[in-house]
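Chains as they are written, first to last, in this note's numbering: chain A, 1231 to 1374; chain B, 2 to 169.
These are calculated hints, taken from the structure and not from any lab test.
Just so you know, even glycine gets a beta-carbon here, dropped at the ideal spot from N, CA and C.
Please note that the accuracy of each hint is not assured.
Mimicking SDA-like on lysine to any residue, the simulated pairs with C-alpha atoms at most 25 Å apart in a straight line are [unchecked claim]:
1) A:K1252 / B:S73
2) A:K1252 / B:K131
3) B:K138 / B:I68
4) B:K150 / A:I1280
5) B:K110 / A:Q1250
6) B:K149 / A:A1270
7) A:K1252 / B:Q9
8) A:K1242 / B:K44
9) B:K139 / B:Q9
10) B:K158 / B:K138
11) B:K70 / B:K139
12) B:K156 / B:V89
Not the full set, but computed from the structure, chain B residues with beta-carbon under 10 Å of chain A [to be verified]:
13) Q7
14) Y14
15) D53
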Amino acid sequence: MYKEENLTSAEKALESALGQLKPLANTMNRDVLMFNAGRASASRKHPWQILSGALTILLLCSILIHPETNGVQSLSSSPAQIESVIAQLQHQPVQTDSSDLLGYTILRDNILTNGLEALQLQSGIRDPEPIMNRKQLLESMLSL
Amino acid sequence: MTKITQKQLAEWYEAYGTQLMLYARQWNPDEQAEDIVQDAFIKLLKQRRSPDNVRAWLFRVVRNVSISKARSLQRREQAAQKLPVKEVYWFESQSNDLIDARLAQSILKTLPLNLREIVMLRIWGQMSLKEISEITKKSIPWIHKEYKKALEMIKKKLEHSSCTKKKI
Chain A
1231 MYKEENLTSA
1241 EKALESALGQ
1251 LKPLANTMNR
1261 DVLMFNAGRA
1271 SASRKHPWQI
1281 LSGALTILLL
1291 CSILIHPETN
1301 GVQSLSSSPA
1311 QIESVIAQLQ
1321 HQPVQTDSSD
1331 LLGYTILRDN
1341 ILTNGLEALQ
1351 LQSGIRDPEP
1361 IMNRKQLLES
1371 MLSL
Chain B
2 MTKITQKQLA
12 EWYEAYGTQL
22 MLYARQWNPD
32 EQAEDIVQDA
42 FIKLLKQRRS
52 PDNVRAWLFR
62 VVRNVSISKA
72 RSLQRREQAA
82 QKLPVKEVYW
92 FESQSNDLID
102 ARLAQSILKT
112 LPLNLREIVM
122 LRIWGQMSLK
132 EISEITKKSI
142 PWIHKEYKKA
152 LEMIKKKLEH
162 SSCTKKKI
């Protein structure tokens, strides 16, 4: 431990003479300090407040920001892109399968003449069993 | 180590406020020194736990902020030429003073800042050499040597002055 009293008597006298000088009274207003202290303690953030704030921000971000689904192209295209695609399509020869076209024409005619039944026959869907009324159902049960 | 209450803060303010103001005035004009000391108390209140040595903690905070603010103020003054600074008294003039308050202030102002700081901390801050060494981050022997040097300088300047009321 260092000896703090290691001063000469003259030095001690000077020290005590200086020590008698009183620092100028504090000009600070104690009430102002206490007011500021009260305000500071009122606005003090607790850990749970910070945590809930962060979670809210994360939740909002997850709602607002969706990652793009793979394979789905963005609908927003520039007009230049759209024009180039249109031009490309216009220059492409139209490839049609004659058998498909013929099949389509036949189906269309059948639907126009026979109604929707033609569509069911065409697609191979069988007719469902006729719905029996109450009398028929009773008779069928009695016959058993 | 407990949480600080406003009552404690008021007590510490009464006990150390004046000393801290004197300490902060070394580097800064009066209004700025006030703000620095107030901020130090507010910072103390915001601490989760009370520091082991509250007085030393307050002095350290005031020191760090004062030095930093004084540097930026110096830069601003250099940029916008030196403006006349209003003289602020550090001590109260009392009839029974052994040394004239104004003379003491003028002599203290002529000391190199590191020496003046040690004198301030030791005499008016009533700090031990160990506490001063913790605040200034210097060794205790170095503090002791510089303190003695500062006292010697003050003594010589007082001897050359005729304003001493009483021979020391």
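Status of each hint after checking the structure:
Proposed proximity of K1252 (chain A) and S73 (chain B) is contradicted: the alpha carbons are some 30 Å apart, above 25 Å. Taking the CA atoms of K1252 (chain A) and K131 (chain B), the gap is about 24 Å. The hint holds against a cut of 25 Å. Annotation: proposed proximity of K138 (chain B) to I68 (chain B) holds, straight-line Cα distance about 14 Å (limit 25 Å). With a CA separation close to 52 Å, the supplied pair K150 (chain B) and I1280 (chain A) exceeds the 25 Å bound.
Between the alpha carbons of K110 (chain B) and Q1250 (chain A) the distance comes to roughly 18 Å, so the proposed pair stays at or under 25 Å and holds. For the given pair, K149 (chain B) sits about 42 Å from A1270 (chain A) by alpha-carbon distance, which is inconsistent with the 25 Å threshold. Among the hinted pairs, K1252 (chain A) with Q9 (chain B) is consistent with the structure: their alpha-carbon atoms are about 24 Å apart, no more than 25 Å. Pair hint K1242 (chain A) plus K44 (chain B) does not hold up; C-alpha atoms about 36 Å apart against a cutoff of 25 Å.
Of the pairs offered as hints, the one joining K139 (chain B) and Q9 (chain B) is violated, with about 30 Å between alpha carbons and a cut-off of 25 Å exceeded. As the CA atoms of K158 (chain B) and K138 (chain B) are separated by approximately 28 Å, the hinted pair breaks the 25 Å bound. For the proposed pair K70 (chain B) and K139 (chain B), the alpha carbon gap of about 22 Å is at most 25 Å, so the pair holds. Straight-line distance between C-alpha atoms of K156 (chain B) and V89 (chain B) comes to about 23 Å, which keeps the hinted pair within the 25 Å bound.
At about 6 Å, the closest approach between the beta carbon of Q7 (chain B) and any beta carbon in chain A falls short of 10 Å, and the interface hint on this residue holds. Interface hint at Y14 (chain B): satisfied, since its Cβ lies 6 Å from the closest Cβ of chain A, which is below the 10 Å cut-off. Look at D53 (chain B): its Cβ only gets to about 19 Å from chain A, farther than 10 Å, so that hint breaks.
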